[in-house]
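Chain order of the listed sequences is A and B.
Mapped onto our numbering, the consecutive letters of the first sequence carry residue numbers 1056 to 1364.
Mapped onto our numbering, the consecutive letters of the second sequence carry residue numbers 237 to 655.
Be aware that a few hints might be false.
Unchecked claim - Restricting the straight-line Cα-Cα distance to at most 30 Å, the calculated cross-link-like pairs of lysine-lysine (DSBU-like) are:
#	chain 1	residue 1	chain 2	residue 2
1	B	477	A	1339
2	B	372	B	555
3	B	442	A	1339
4	B	479	A	1339
These aren't lab readings, by the way, just hints derived from the structure by calculation.
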Amino acid sequence: MFADYTMTELTSIFAMQGFAGLTLFSVFVLMALGLAIIFGQMGVINMAHGEFMILGAYTTYLTSNVFSSYLPESLYSLYFFVALILAFLAAGALGAFIEWAMIRHLYKRPLDTLLATWGLSLIMQQLYRTIFGPREVGVTLPDWLMGSIALTDMVEIPINGLFVMAITLVVAVGVGLTMQKSRLGKQTRAVVQNRPMASAVGINTARVDRLTFALGCGIAGIAGAAFTMIGSTGPTSGQLYIVDTFLVVVFGGASSLVGTIASAFTISQAQSTMEFFLSGSMAKVLTLLVVVGILMLRPQGLFSLKIRK
Amino acid sequence: MISKSRNYDSTRGTRRTLLRRMLAIPAALALAHVSLPALADSANSTGLAVTDSTVTVGILHSITGTMAISETGSVQAEKLAIDQINAMGGVLGRQIVYTQEDGASDWPTFAEKAKKLLVRDKVAAVFGCWTSASRKAVLPVFEQYNGMLYYPTFYEGLEQSPNVIYTGQEATQQILEGLDWADDAKDAKKYFLLGSDYIWPRTSNKIARKHIESVLGDKVVGEEYYPLGHTQFNSVINKIKLKKPDVVFISVVGGSNVAFYKQLKAAGIDMTKEKPLFLTISVTEDEILGIGGENIDGIYASMKYFQSLPNANNEAFVKAFKAKYGDDIVIGDVTQAAYLGPWLWKAAVEKAGSFDIDKVRAASPDIELTTAPEGYVRIHDNHHLWSKTRIGHAQLDGQYKVVYESSELIEPNPFPEGY
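For reference, chain B alone in the conformation it holds in the complex:
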């Protein structure tokens, strides 16, 4: 298994590597005669870092800084997928080698590292980014140098780049089904929207409000935003108590989550009583680790994946994940979406018969994955995934119990009309 992290140091070209390279030239020439059939394989002539036995890809996430807390799971999932693919014989007969770069929770750094991966390392694909801000920062780089990014996070939509495959859900996929469920199964009529103050919650709530008011014919009794990192939620909890909504729809992120749920519980609101019912689109099993299962027991989440999903694919995935990273590890929605990245890329490369970016892109639509932990997914023409939406019910042990699953795959619609 070849999976070592390579960190290039740009300022140091030692004499030894130079010497090795000089020696390598005649050796390569000699080999060329022997391995002519392999060279005839067009896969090596794409200008990418592909050799007869290896192909290099990039992993670009924050492993330091604020976002490390969220992105760690994605890195682990991508490495696991790569290991598994290598164990199965790799892609087009080549073992995957990865070069990992640290975006350091800083958006310009993301752009710089993306450029380094594409221009210097000539990687065949990049699995990475987490926040929308980091994706927006690397987008021009991927479009200019024609790279391929597999982006794992559920996000606000309103984007469709030829150079990105979005393996998480866009906003409508995640939100509409959840609201329909609340209206239908829980007979909810009054909604309170609460989020952190940045683009994803604002866009999500805009879509949610439209859907609640025009499609469901229900009422929004409050919409509130708090700055990122806000730690005092007593005022909004009082407002929720006063307005008595049936559902509080929450897109609070990061450290604020912990503060919000702890204070909610301390304010005497028993979340298991569902008065009001709490429906989140931002708390995965990963976040519950920090919040504590006992502080969030009873809320619902609308996502596409939960660690407890009962199917054979997922059981194998969870087992492999725990075998590699320890029994205490939990797997959230985004971690699973990150795991899909290398597999979708492998399927597209094999369909195209080449690592060439343009060919991989052309081959991507309609690629399907029957082995996905979440079940079955398929790439849409708009580069997002067809996937099911599920409702999970948070349990004391920090896991979600799946209580509802959409009957059909939900079509991704990154540019919803009328929203």
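Extracted from the complex, chain A is given alone in its bound form:
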């Protein structure tokens, strides 16, 4: 299939395809991190994860409107950073509230959290529809985000791709540091390994649960804000991401953040390479088949935490 093209054309296309794979990788990591924290650390399957992402997207939309109506134009190009922070706070706050109102009553019944959060996702979708209307909203992006850097005639690197990568890097490092170094991270890991014992040494497990859930939702909010650059913002847009998100988390091994990153890398590279050589739908089918095959051999996922049961 490549006989008709020159060597330079092929090299540039492969370079760009490599970049496309890396962008997909960052997107996967960003959307899966929040879910992985909640699923891995708390055992709660949050079906409303996509809707928390869209809350972030709508926050970005509102921030952009506020900036363009009330603030001087020179500040507009910076609104996106403000939106990212607000998205984190909004989704995190709602997450904390949901944990208090709903999730904490269901910790002993993991299957019920599945149903409850699914119901929550339906409620949130309908709320978005009532508040923002059923149509998609267009989020206007600052000009500097929409261009591309032309390295050669053929190789052009999308700036929003780079930006998503940067956000992913910051968030992933942030989460890693929080989990490894901070007091909350240490407490969380203690609770995951042995809840009664953690409680016995004076850790307020209820508070740890709430903060963990809020953190996971907040990261979903950041992801949603970032995805306004590459995708749609509508009441049901969250559903577009949820399947891939679960795929990444389950394949990586539910309780390991390293696993999530490794799994995002494997799936994104496999998918983007196959997409180039086959058609998009076939690539998806093959990716799913490979994942199913591997999970049959290794039901716990790529990485799993060794805990004495």
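For chain A, the structure is supplied; the task is to place chain B on it using the hints.
Okay, now just chain B, sitting in the frame of chain A:
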């Protein structure tokens, strides 16, 4: 103006309504003597929900769920048409009352609600459905209980039911003219076909490929499908860059659209340069709202209607639509097709002189509408519309500028031979 939505609750027959009904019987008997001439009018004896002063129709679209995003415009257009008809004195002297049901983006629900509208409410016509899947789900219901459905969406063809009037374009009407234009006006020789992976894009591209290869003598350099809701298009954008087609022919739908055009722009492809030229059959002004005019500026669309169409009918329609739904509203191809439904039904009923479904069906062929926003349309024997095809050029403000219009009305051909 009578246009209130009525939602029946099947489990609740309160005593008060029962009482009212019992009181109504003697009242009706008394009235019958007075209004004998009106009863002699055969229009009331069809078994449908027709009284001396009202006729009930159904509106069946998704107002919740994934498809609400697309179907909202259709509901608005149908209600506007009904209001306008009522203001003009209604149909056969009766005001139109509508019963609205929500298909909830779920195909079995569509079938259930269709049955409810036909069997319980006995509506004289139904305006509704959007996706082919929902139409296929309600089709057996309409055929079994002999209802009449006015279906607004452009679709893949390969269907012709006696119980449906298709007010959108079938595939050949929309596609062939657009490809001819690209070949002729833009001298395109190499085409890349891209679509979401389901029946409409696949059928459309099958027709397009055949036409490109056998009729135009041009070349298809790629054909690609992505799952519905796919959000990452970088790989296919790279493929387009590598294969350098003259035209990318696109039938991507839903949320994927937003992702595709945003990523296209971010990948450094300036759509206004027309290298390649982007020709879509799926992005109306409605979709551009979500995509953002600045992300799609410069592409072309092949459809039968654009909000900017310069004619008196359309200007009046756009004005009325904005007066009812606000200045920010936009009107896409399907919204206009949905608007035609009630008007075509009214014309057929008046020609038949009755609301009876069989008579309306018999009267439907050759019904013409000179007041259609898109200009002039006529119902073909095969229940589709003769209509013109236009090419629009997307502008920064999210509107299309009409750059080409077929000289003749294009005959609908839902079963194209050789495709």
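Evaluation of the provided hints:
1. 477(B) <-> 1339(A): holds, 22 Å
2. 372(B) <-> 555(B): violated, 34 Å
3. 442(B) <-> 1339(A): holds, 22 Å
4. 479(B) <-> 1339(A): holds, 22 Å
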